[in-house]
Amino acid sequence: MAENKVKKVAVNTTINGEEMDILVDPYVSLLETLREVIGITGTKEGCNDGNCGACTVNLDGRIVDSCLVLGVEVEGKNVETVEGMATPDGLHPLQQAFLEEAALQCGICTPGFLVSAKALLDNEPDPSEERIRHWLAGNLCRCTGYDKIVKAVSKASKKSK
Amino acid sequence: MVSTSENKNYKVIGTRPIRHDGYDKVTGRAQYGADIKLPGMLIGAVLRSPYAHAKIKSIDTSEAEKMDGVFAVMTSKDLPRLGDVVRGNSEESGSEKHLSENVMAFDKVLYKGHVVAGVAAKDQNTAFEAVKKIKVDYEVLKPVINVDQAMAKDAPILHEDYSGDHLGKKVKNSNIAAHARHEIGDIDDGFKKSDLVVEKEVDMQTVHQGYIEPHTGTAVWDEEDRVKVWTSTQGSFSVRDSVSKVLELDVSRVKVTPMEIGGGFGGKIPIYLEPIAAVLSKKTRRPVKAMMSRTDVFDATGPGPGGKVKVKIGIDSEGKILAAYADIRLEAGAYPEAFIEAAAKCVFSCYDVPSMKIDAYDVLVNKPSSAPYRAPASPQVAFATETVVDEICEIKGYDPIDFRLKNVAEKGTRTALGPKYRTIGLKECLEAAKNSDHWKSNLDSNPSPGKKRGRGIASGYWFNIGFKSSVNLSLNPDGKVALTEGSTDIGGSRASIAMQAAEVLGIPAEDVRPSVVDTDSIGITDVTGGSRTTYATGYAAYNAAHKLIEEIIEKAALKWDISKDHIEYSDGIVKSKTDSELKMTLKEIADDPPGGPIVSSASVDLEEAGGGFAVHIADLEIDEETGKTDVVNYTAIQDVGKAIHPSYVEGQMQGGAAQGIGWALNEEYFMNEDGVMLNSSYLDYRMPIALDLPMIDTIMIEVPSEEHPYGVRGVGEPPIVPPVPAIGNAINDALGLRLLSTPMKPSKITEALKRKK
Amino acid sequence: MIKIFLPYKIRETLGVPTEIEADGSNLRNLIDHIEDAYPGVKDYLVDEGKLKPGMSAVIDGKTTRLGLIHKLDDVSEIHFLPSIAGGS
Ligand code: FES
Ligand code: FES
Chain R
13 MAENKVKKVA VNTTINGEEM DILVDPYVSL LETLREVIGI TGTKEGCNDG
63 NCGACTVNLD GRIVDSCLVL GVEVEGKNVE TVEGMATPDG LHPLQQAFLE
113 EAALQCGICT PGFLVSAKAL LDNEPDPSEE RIRHWLAGNL CRCTGYDKIV
163 KAVSKASKKS K
Chain F
-14 MVSTSENKNY KVIGTRPIRH DGYDKVTGRA QYGADIKLPG MLIGAVLRSP
36 YAHAKIKSID TSEAEKMDGV FAVMTSKDLP RLGDVVRGNS EESGSEKHLS
86 ENVMAFDKVL YKGHVVAGVA AKDQNTAFEA VKKIKVDYEV LKPVINVDQA
136 MAKDAPILHE DYSGDHLGKK VKNSNIAAHA RHEIGDIDDG FKKSDLVVEK
186 EVDMQTVHQG YIEPHTGTAV WDEEDRVKVW TSTQGSFSVR DSVSKVLELD
236 VSRVKVTPME IGGGFGGKIP IYLEPIAAVL SKKTRRPVKA MMSRTDVFDA
286 TGPGPGGKVK VKIGIDSEGK ILAAYADIRL EAGAYPEAFI EAAAKCVFSC
336 YDVPSMKIDA YDVLVNKPSS APYRAPASPQ VAFATETVVD EICEIKGYDP
386 IDFRLKNVAE KGTRTALGPK YRTIGLKECL EAAKNSDHWK SNLDSNPSPG
436 KKRGRGIASG YWFNIGFKSS VNLSLNPDGK VALTEGSTDI GGSRASIAMQ
486 AAEVLGIPAE DVRPSVVDTD SIGITDVTGG SRTTYATGYA AYNAAHKLIE
536 EIIEKAALKW DISKDHIEYS DGIVKSKTDS ELKMTLKEIA DDPPGGPIVS
586 SASVDLEEAG GGFAVHIADL EIDEETGKTD VVNYTAIQDV GKAIHPSYVE
636 GQMQGGAAQG IGWALNEEYF MNEDGVMLNS SYLDYRMPIA LDLPMIDTIM
686 IEVPSEEHPY GVRGVGEPPI VPPVPAIGNA INDALGLRLL STPMKPSKIT
736 EALKRKK
Chain Y
8 MIKIFLPYKI RETLGVPTEI EADGSNLRNL IDHIEDAYPG VKDYLVDEGK
58 LKPGMSAVID GKTTRLGLIH KLDDVSEIHF LPSIAGGS
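Chains as they are written, first to last, in my numbering: chain R, 13 to 173; chain F, -14 to 742; chain Y, 8 to 95.
Watch out, some of these pointers could steer you wrong.
[Said to hold, decoys possible] What follows is a set of in silico ranges between Cβ atoms, one per label pair, in the way DEER data are often shown:
| hint | chain 1 | residue 1 | chain 2 | residue 2 | range |
| --- | --- | --- | --- | --- | --- |
| 1 | F | P462 | R | P38 | 50 to 56 Å |
| 2 | Y | D30 | F | K425 | 38 to 44 Å |
| 3 | F | T735 | R | R143 | 53 to 59 Å |
[As the list claims (entries may be wrong)] Some residues of chain Y that are not near chain F, with every Cβ distance over 12 Å (derived):
| hint | residue |
| --- | --- |
| 4 | M8 |
| 5 | E28 |
| 6 | D39 |
| 7 | E42 |
| 8 | D43 |
| 9 | P46 |
| 10 | K49 |
| 11 | D80 |
[Claimed, not checked] Which stretches of chain Y does chain F cover? Using the computed rule of at least three CB atoms under 8 Å from a CB of chain F, they are:
| hint | segment |
| --- | --- |
| 12 | 13 to 19 |
| 13 | 69 to 75 |
| 14 | 83 to 89 |
If you're looking for bench data, these hints aren't it; they were derived computationally from the structure. Note that CB positions come from ideal geometry on N, CA and C, so glycine has one too.
Isolated chain R (complex conformation) (with noise of 0.2 Å):
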């Protein structure tokens, strides 16, 4: 079949600070080149169109829907996920306060609003209520009503000032 003669692309990217080279079809998301090519799972699908923001990462400082960018795409780029924000030292605040302020319920939307909080913390310390919920507003959680993750993104960034 044609559509599966399609060639292989080498691709040299950094993930989670780790620089590798890997092997991705030109077809394949980035989600999928994350958890299938890569293996890591950490980065959950809820609908592969770009309206969940389960899959988000950081891509060069900037977050994204990874099922709608090509695994091809990160030649030459930083990508960040839920499994590089913990440190061998501990948990990142972010990901403390969720669980101090049980912000998760079933967790499959937790690895996306964590990457998407950490890049409005990384800019801006101490963001309004209304700010925080702006931000966030790419993230579909279905359980919580949103009112503990707004509050855990809050206790983490007082935390970090």
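Could you slot chains F and Y with the ligands onto chain R? The hints should help.
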């Protein structure tokens, strides 16, 4: 938090420890349904019907089979044809035949998205390409997509071979799968004596549970005819039972390992892809994983039934309700079960009414087979009842809380189905609402120009099922306890179950490590649903912990060579009642106990927890020009029995309120005449985002349930019941408009405003 | 005597009054006694020696999980009702 229980000195219960599974979930390590990868695994994909109603004349799979990278193709010919046997009597009720037909169509497709064939291939792309090559010859039939069409004379019939139960009579060739009636007292007399009678009919659109994780199913069928299944489900045992039925295998041949579950709200009780993955694995002898897209999820799973509900209530001149009548017509979807008995139980649940009559219809339509959705059918009927009650208060000038208190259901009140309530806490909720800062606050009547504000209140009920649960405990040599259980954890239940064992043992919550295990590793446990998990599995943990203490005392007696009667246990210390020298910590007794390790297990099969009530207050701001509605202030009040982990109880209340707000204002299956859903993506099926909602204030009331040692009531379901009517009533307060159909979206508001002028 | 309430459709079909009275040491022989007075009722309630799937018995406000072996000491009313599906 308001508590009516005498303040027992709990050490663990009522505290807010970090949940045991939390670390895996904030780091991306937790494994959900789609995350499993097995050696040699193939990817499954299914072909779905493009038509909502059609006969399958033939299926040609030959082109697909010939494709490179395709390992197997299946149709319903590969499944046993099952008879019309009724299964179980709880969550997964229905006939075996329908269970199997919903997995894969045999002769007819009954909704758009109904599965007709399956493929296993080397990767997803190949599987999708192969599915496209399967040719199906359909004879397209006219669909019925709402209760009016389905109940009309000469309506196309979904199930020609099925006879419905109409008040005890078997009726063929009808889309009414059941007509049930309940009657208490004499409503004709009640209405005759009434001073005021108000009647309204509401029209509810179909909605979806909306969990973010799509369904998956992974299976291995081995040479010994044993089937292993990995799936994200609310009930590993119900999946085991359903899969074994559809495949005609003994239950012990099926082992289900529950993955972490990315939301369910009732929608992850049915099976969909699991038997298909199993049959494809049988044909290939390799593991097969199948996954749904978001569109598949909307087209073929869930939904929560739409339908029409008419409610009529009569009151006397003193404002006492004399009679109530309801006519409830709910969409079952393609197969029977629209939760009409639950609807009947809930419709007048908040009131003490001497005469009631309810007619309820379970109506087949060409939509996916309805699945439970958080307090199934209760929001639908509450919308009608609470709107009528609000209208009565408006006409008579009654305070809506005082009117509800005057007619409040409490212990001993006879319900519409007949039985009397045991201890319930609705009155306490209404009183708390009356005393809340929110209710006492002024609704800012000077909003921004062009906008109007309104406040609405409504109450709601769900009854919390009990059923079976099992828990095992094992005392480790370091004095910590391992707990295994069968309730899949959808939102922190591992913690609330472990906390109940920890409370009994008098040790910190962190010292009890809970795991949710597969169906071969624990006793039968019913689904995580019906608000039963913290109640029933928590009860099993409570019993198992007491048994563990008995074991500890027994081993200490052996070790010290004294009688058991002289030994006591508290807070992690076992000691002699008479000799103060004789005492051991859990670590000491667990280190090489005489006669083997210290373990215990317990199981329960419980009755209902006694029912949970919620009262919600909503303040809205509505733009008169655009019809856009903002929720500006929201308070959820609920009798939670006893909050084991208050953070997760609040989370249930807030999450339920948010879903209800979405249901009220935005969410609907928008279908064309052919029965095709036109908004089957998150872009168009608009669920609330962070920006749409305010903080949701919670007031937890604790009126302990009589059926549980700590007084636990289920808390997951009541909070989705009041939001739809509370918002409808608030819109009426703001604009003087009764919108009687969901969603109460901007276009309906602007149109109604135009008509009013 | 215990007050017994049967589901609407059974009452309609068999012409049983809204409220009847019967006695029994457990649910099984209570149903036998009802059957003596109103022949045909048992078929609706019992199947293969168990409460019929889809049927439940609410004994003084609590739905029995024991079924026909449920002992009836100090019971004042029993409602037979269709069992209820649902839940999340
Ligand atoms: S999976 Fe990418 S936005 Fe939903
Ligand atoms: S916690 Fe379940 S979707 Fe957010």
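Tested hints:
no.: 1; hint: P462/F / P38/R: 50 to 56 Å; verdict: holds (55 Å)
no.: 2; hint: D30/Y / K425/F: 38 to 44 Å; verdict: violated (54 Å)
no.: 3; hint: T735/F / R143/R: 53 to 59 Å; verdict: violated (30 Å)
no.: 4; hint: M8; verdict: holds (17 Å)
no.: 5; hint: E28; verdict: holds (15 Å)
no.: 6; hint: D39; verdict: holds (22 Å)
no.: 7; hint: E42; verdict: holds (17 Å)
no.: 8; hint: D43; verdict: holds (21 Å)
no.: 9; hint: P46; verdict: holds (16 Å)
no.: 10; hint: K49; verdict: holds (15 Å)
no.: 11; hint: D80; verdict: holds (16 Å)
no.: 12; hint: 13 to 19; verdict: holds (count 4)
no.: 13; hint: 69 to 75; verdict: holds (count 4)
no.: 14; hint: 83 to 89; verdict: holds (count 4)
This entry does not satisfy hints 2 and 3, going by the numbered hints stated previously.
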